[in-house]
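K.L.:
Protein chains in written order, with my numbering: chain L, 1 to 433; chain S, 1 to 346; chain Z, 1 to 62.
Since the hints were derived computationally from the structure, they do not count as laboratory data. Certain hints may be false.
[Claimed, not checked] Here are the simulated DSS-like cross-link-like pairs (lysine-lysine), alpha carbons at most 27 Å apart as the crow flies:
| # | chain 1 | residue 1 | chain 2 | residue 2 |
| --- | --- | --- | --- | --- |
| 1 | S | Lys-334 | S | Lys-298 |
| 2 | S | Lys-153 | S | Lys-106 |
| 3 | S | Lys-182 | L | Lys-11 |
| 4 | S | Lys-195 | L | Lys-312 |
| 5 | L | Lys-170 | L | Lys-11 |
| 6 | S | Lys-104 | S | Lys-74 |
The structure presented is a predicted model; accordingly, all values stated were derived computationally and were not measured.
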Amino acid sequence: MALALALHPVKDMVVGVETALDGTTLQVGLEELRRHVLEDRRLESVDLEVVNPGDSCRVGYVFDIIEPRAKEPGTGSDFPGIFGPIANAGQGTTHVLKGAAVTVVDGGQPGGEHGHVTRRGGMTKILEMSGPASEASPYSTMCHLVMVPHAYSNVERHSVLNALRLASVKAAVYLGKAGVGQPPASTDVLDLEGPHINGRQGLPRVAYIGQVHGHQHGTDSDEHIVYGANTRGMLPVPLHPNEWLDGAVVISYSWGARGLETFYHQNHPIILELYRMHRAGDLTFTGCIATVASDLQQELSRNSMLAANLAKWGLGADGAIVTKYAGGAPHTEMFETARWCEQLGVKTAILVSDTAPDRRAESAALMQIPGVDAIVNLSEGADVAWPAQPVSRVIAGNGDVAATLASAEILRSGDVCGVVNNQGASSLQSIVY
Amino acid sequence: MRVVHYINQFFGGIGGEERADSPLEVRPGPVGPGRLLDQLLGEESHVVSTIVCGDNLAAENLDDVAVAAISEVKASGADLFVAGPCFQAGRYGTAAGAVCAAVKEKLGIPAITAMSVENPGADLYRASVYIIDSGDDVSRMQPTLAAMVRLGKKLSAGEKVGRPSEEGYLPQGALKSEFVEKSAASRLADMLLAKMRGESFEAEVPIQATEPVPVPPAVTDLSQATVALVTDGGLVPKGNPHQFPLAFSRVWGAYSFAGEEALAPDDYEVSHGGYDNRHVEQDPHRLVPVDTLRELEKHGAIGKLHEEFLSTTGNGNPLANSRRIGREMAKRLKDSGVDTVVLTST
Amino acid sequence: MAQVTPMTPVAVALGSNRVIRGWGIVYPTGDSDLPPNEERDLRRRIVQQALDALTTEGRTEV
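The whole structure should be built from the sequences, with the hints applied where relevant.
P.N.:
Pasting the structure below:
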């Protein structure tokens with residue numbers, strides 16, 4: 001399967017009447033985009049703002065960050081099953097506005113239920129564009145279209161979240177279309193034959209097994225995660241790496257913003273690293289398996305076993321990188337999946353995230369399984385924070401959040417988008433001394 | 001730099017096991033391995049005195065030996081304390097660890113020892129004292145002392161101490177977050193390839209064995225037993241009287257349901273950020289099965305259901321904190337005459 | 001003590017000796033998708049397993 005990424009670098013974003021890409025300047029017709037987004041009758045209004053690198057600006061709470069992309073007409077569907085009709089993602093040509101981002105803010109009451117900020121879509125994550133914290137996040141170097149959709153007050157919370165999801169992909173595609181018809185600065189062709197590839201004898205065969213959701217927080221019936229499916233009861237499913245990168249997968253709502261953004265599905269650090277090593281002749285990348293962490297014990301065991309079986313017998317892998325979604329159930333399922341893999345002779349490396357509040361190693365590793373010994377330790381940064389500098393502009397979902405962000409004194413690393421990333425982009429490591 | 005060195009009777013040249021009860025003595029200058037230590041310290045630094053003590057005497061009088069060591073270090077104006085290397089010798093390692101910990105705590109000067117990871121002193125003192133990993137082979141005296149000197153100089157100068165694998169000490173178990181050169185994705189791929197190629201790699205999490213918990217004997221007659229319900233799923237009476245947080249709870253509560261046949265949903269709520277709480281809030285028995293146990297109590301299958309359930313929020317809790325909560329809960333249950341417990345965990 | 005938990009691997013890893021599989025993370029002793037009488041039966045079964053473990057010598061993992 002071959003996917004051509006037509007890369008259009010964006011270095012500046014400006015407001016204009018029409019949306020157009022002029023060299024590396026993206027002009028955004030805010031009113032046209034507004035009309036487009038408000039076609040969703042659940043939305044009463046939408047705030048649209050342009051934020052560029054270096055702007056003294058803080059944004060929150062972030063629902064998701066997406067890279068603006070659009071399919072070359074006739075070569076596929078944009079976010080199939082989520083925005084466009086079901087079609088095989090990962091083939092044809094996709095225009096990418098490299099350096100631009102759509103950042104969507106929850107204009108509802110994030111974490112409104114019981115004030116539980118950890119529930120459905122209510123993470124307190126922010127986009128920080130200036131000051132010391134911004135230097136640790138790649139998002140601060142991008143040009144953002146920040147969008148705050150406001151739903152009518154009688155719309156149910158799950159429907160508000162669904163409206164945020166639709167608005168987010170709609171805007172990403174809308175901006176991405178500015179690249180269509182323009183000659184790209186460069187084209188990156190991602191071409192991978194899959195498990196049946198010939199002529200690479202002797203190279204390690206490696207698969208990626210990644211969780212796309214953790215069901216300890218459930219999903220809503222109208223929630224989109226994989227090709228539009230809400231992943232309830234989902235069995236592990238093989239995905240071509242190109243599908244994963246090309247809009248088949250978006251993040252779920254809960255824990256959605258904490259260390260996970262759709263941007264890093266589109267630019268999945270592990271998939272891209274395996275692609276790079278495949279091209280360099282270090283290994284053969286045989287494919288990906290998307291799975292979910294279950295809230296049910298039976299399902300957890302079943303999914304772990306099936307994911308390992310797929311890696312071994314479906315993708316013919318003799319090694320796999322296994323990663324988790326955020327939380328304890330995903331942690332367990334990741335270890336179980338790795339345990340099954342090792343039993344089948346598929347060697348594993350896994351990614352744990354350390355949240356230990358007492359900063360003691362004994363609190364960090366919940367499980368010890370023989371053979372599951374290659375462990376990378378991502379820090380969720382309980383001991384990393386920066387003084388919050390005053391900013392001249394705050395973009396927030398509502399007045400309460402605006403006041404909180406404007407008067408913030410400390411920014412914790414886990415709260416700043418792009419610093420802690422469970423998809424593997426993060427370079428914040430937890431080290432045992 | 002002035003160094004005081006602690007060694008046992010064997011390295012002090014007094015004798016082997018038959019002299020293990022030799023009393024503590026202080027000798028001027030370096031003794032035994034201290035001569036090599038003195039050389040490695042270089043021109044500017046010296047072993048000013050050596051404490052020699054029999055292994056048995058030290059093991060039986062750890063506090064007295066520590067007090068004597070502290071007074072010698074103080075008197076000699078030392079700015080570094082070194083003990084060992086002890087390799088596999090258990091009593092020696094334990095004494096070295098204890099004395100280093102005491103010197104460090106009382107005098108605030110750096111103290112270093114060395115032993116093998118299997119030495120019982122290692123587990124006892126690795127968290128509080130820098131212990132260079134000597135292995136169990138006494139012929140590694142020279143490289144071990146060299147690593148002790150390197151680390152000792154750094155500590156004295158107040159320089160940043162590197163990672164355990166760089167400096168050669170046993171990990172102390174403290175976690176620090178650092179920005180590193182490579183992303184997690186790239187480290188994962190590198191580590192996997194190394195593992196697949198049979199090359200060495202270093203996990204970023206210590207592989208630690210949890211100690212097995214002895215299995216308590218079975219309950220002989222349930223129909224005479226008092227059964228209690230405990231949960232870490234965060235069920236609390238409405239209003240959350242002990243203010244359980246959503247994670248990292250340091251508190252727990254005991255909540256009475258005396259006289260009630262069941263838990264009424266309106267009376268309870270959940271404080272736990274790790275799972276979707278709606279199901280338990282609709283029906284608390286999905287977490288704390290009072291209804292079922294009441295039935296069993298009525299039918300005589302169990303002697304009695306203890307009239308309160310114990311609850312905490314088990315979400316990301318540090319192990320030490322969980323152990324404390326467990327001990328406190330166990331005491332409460334024992335004191336209340338509870339015979340056995342059903343614990344429900346989310 | 002018998003521990004009812006859906007995350008049995010964690011319980012075992014941390015040294016729990018009598019481990020019973022709980023139904024789900026969001027409801028260890030229930031299932032909101034079942035009709036009430038079936039849910040009560042499910043709960044009785046799980047609780048009975050825990051009591052059986054408590055009256056049996058040695059480790060249990062079911």
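K.L.:
Straight-line Cα separation of Lys-170 of chain L and Lys-11 of chain L no greater than 27 Å?
P.N.:
Given pair Lys-170 of chain L, Lys-11 of chain L holds - Cα atoms ~22 Å apart, limit 27 Å.
K.L.:
Can the restraint linking Lys-104 of chain S and Lys-74 of chain S be considered satisfied, given a maximum Cα separation of 27 Å?
P.N.:
12 Å, holds
K.L.:
Holds or violated: Lys-182 of chain S with Lys-11 of chain L, Cα cutoff 27 Å?
P.N.:
The hint holds at about 25 Å.
K.L.:
With a cut-off of 27 Å on the C-alpha distance, tell me whether Lys-195 of chain S and Lys-312 of chain L pass.
P.N.:
17 Å, holds
K.L.:
Within a Cα-Cα threshold of 27 Å, do Lys-153 of chain S and Lys-106 of chain S meet the stated pairing?
P.N.:
With a Cα-Cα distance of about 20 Å, the restraint between Lys-153 of chain S and Lys-106 of chain S holds, given a limit of 27 Å.
K.L.:
Does Lys-298 of chain S sit within 27 Å of Lys-334 of chain S, going by the straight-line distance between their CA atoms?
P.N.:
23 Å, holds
Hint check: no violations occur; every hint is consistent with the structure.
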